[in-house]
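One line per chain: the protein sequences are C and B, in this order.
Heads up, the first sequence is in numbering that gives the first Met the number 0, so the first residue is 0 and it goes up one at a time.
Heads up, the second sequence is in numbering that gives the first Met the number 0, so the first residue is 0 and it goes up one at a time.
Hints are computed from structural coordinates only; laboratory data are not their basis.
It cannot be assumed that every hint is accurate.
Just so you know, same-sequence chains aren't split out, so a pair can sit in one copy or run between any two.
[To be verified] As a list, the in silico DSS-like pairs of lysine-lysine whose alpha-carbon atoms are at most 30 Å apart:
#1 Lys-10 x Lys-133
#2 Lys-133 x Lys-87
#3 Lys-115 x Lys-27
#4 Lys-10 x Lys-27
#5 Lys-10 x Lys-115
#6 Lys-114 x Lys-87
#7 Lys-114 x Lys-27
Protein chains: 2
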Amino acid sequence: MAERRVLYRGKILSLVLEDGRWEIVEHKDAVAVLAVEDGRVLMVEQYRPAIRRTTLELPAGLIEPGESPLEAARRELMEEAGFDAELKALFSFYSSPGFTDERITLFEATRLTPKKRSPDPGEELRVRWIPVEKVIQDFLSGALVTSSPTAAGLLWLYRTR
Amino acid sequence: MAERRVLYRGKILSLVLEDGRWEIVEHKDAVAVLAVEDGRVLMVEQYRPAIRRTTLELPAGLIEPGESPLEAARRELMEEAGFDAELKALFSFYSSPGFTDERITLFEATRLTPKKRSPDPGEELRVRWIPVEKVIQDFLSGALVTSSPTAAGLLWLYRTR
């Protein structure tokens, strides 16, 4: 059995050293939501301190203790964009299994219903509806600064066009 | 200007706290390589301590200091799978910009030429050629345990079929 030593225990992640050798970041799992209406993709624009850049991403967030991935997707879609919807899981992957256990599940949202938005107090983000063709083009040209679930979601859309 | 305090400086990552609030993992950028021959995808099977599971992924690795992404992709393809090839960058994304600056670029490899494999001493992996249809099916069913660049690469293939 591998020996894991916790070097840091934080709010959203912990750093552990396994067998004195593997640097591992334990992180909550995450969800992202792909919603398309009238040929436009629902996205959020926000400043990301980790990369010191503003990104354009699918609505996404961490799965809180006690939540299912589906519940987290529903909550994030409400908090970040102000919609309820029918949600269906598309697929999952590990964001970067060489160093972190974070697993991301992408959901597809249909039948969006506007609700009152309830953003996290610490989050500053802007809801943007971007034409599918444009955002795929920006992704493939390198102009889009974005996340792995967004890349996967856009490629999923690309497939059907 | 944000104040960043280094909590841990390691071999493949550093943990920093920005403005006493944002837990950020500074990590080398990475590359992955998508190669298809005779309807099969080149993949590597390996045990990943961070997730305590064996994954099936596209050949991938970190960009070492002084290397371009293209050079890293060429080296990883050689080290992990024993091939030289023509390489073309497809697209890039941040693996998980909520907490890490790691950016991954996916390359497409064509005209593969077998060379002598030169794996890292610390790496134990097995080269596998998996039929495209099967690996996409396994990904969409949830049977495939894999990484974000592999997910993106498979969706890229899916698009053309």
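Going down the list of hints, with the structure as the test:
1. In this assembly of identical chains, Lys-10 and Lys-133 lie within 30 Å of each other by CA distance neither inside one copy nor across copies; the values are 36 Å within and 39 Å between.
2. In this assembly of identical chains, the alpha carbons of Lys-133 and Lys-87 lie at most 30 Å apart whether taken from the same copy (25 Å) or from different copies (22 Å).
3. Proximity of Lys-115 to Lys-27 under the C-alpha cut-off of 30 Å is restricted to the intra-copy arrangement: shortest distance 27 Å within a copy versus 40 Å between copies.
4. In this assembly of identical chains, Lys-10 and Lys-27 lie within 30 Å of each other by CA distance both inside one copy and across copies; the values are 10 Å within and 23 Å between.
5. Taking the shortest Cα distances, Lys-10 and Lys-115 sit within 30 Å of each other inside one copy (28 Å), while across copies they are farther apart (46 Å).
6. For a Cα distance limit of 30 Å, the shortest separation of Lys-114 from Lys-87 inside one copy, 19 Å, qualifies, whereas the shortest one across copies, 44 Å, does not.
7. For the homomeric pair Lys-114 and Lys-27, the shortest alpha-carbon distance inside one copy (27 Å) is at most 30 Å, but the shortest distance between copies (40 Å) is not.
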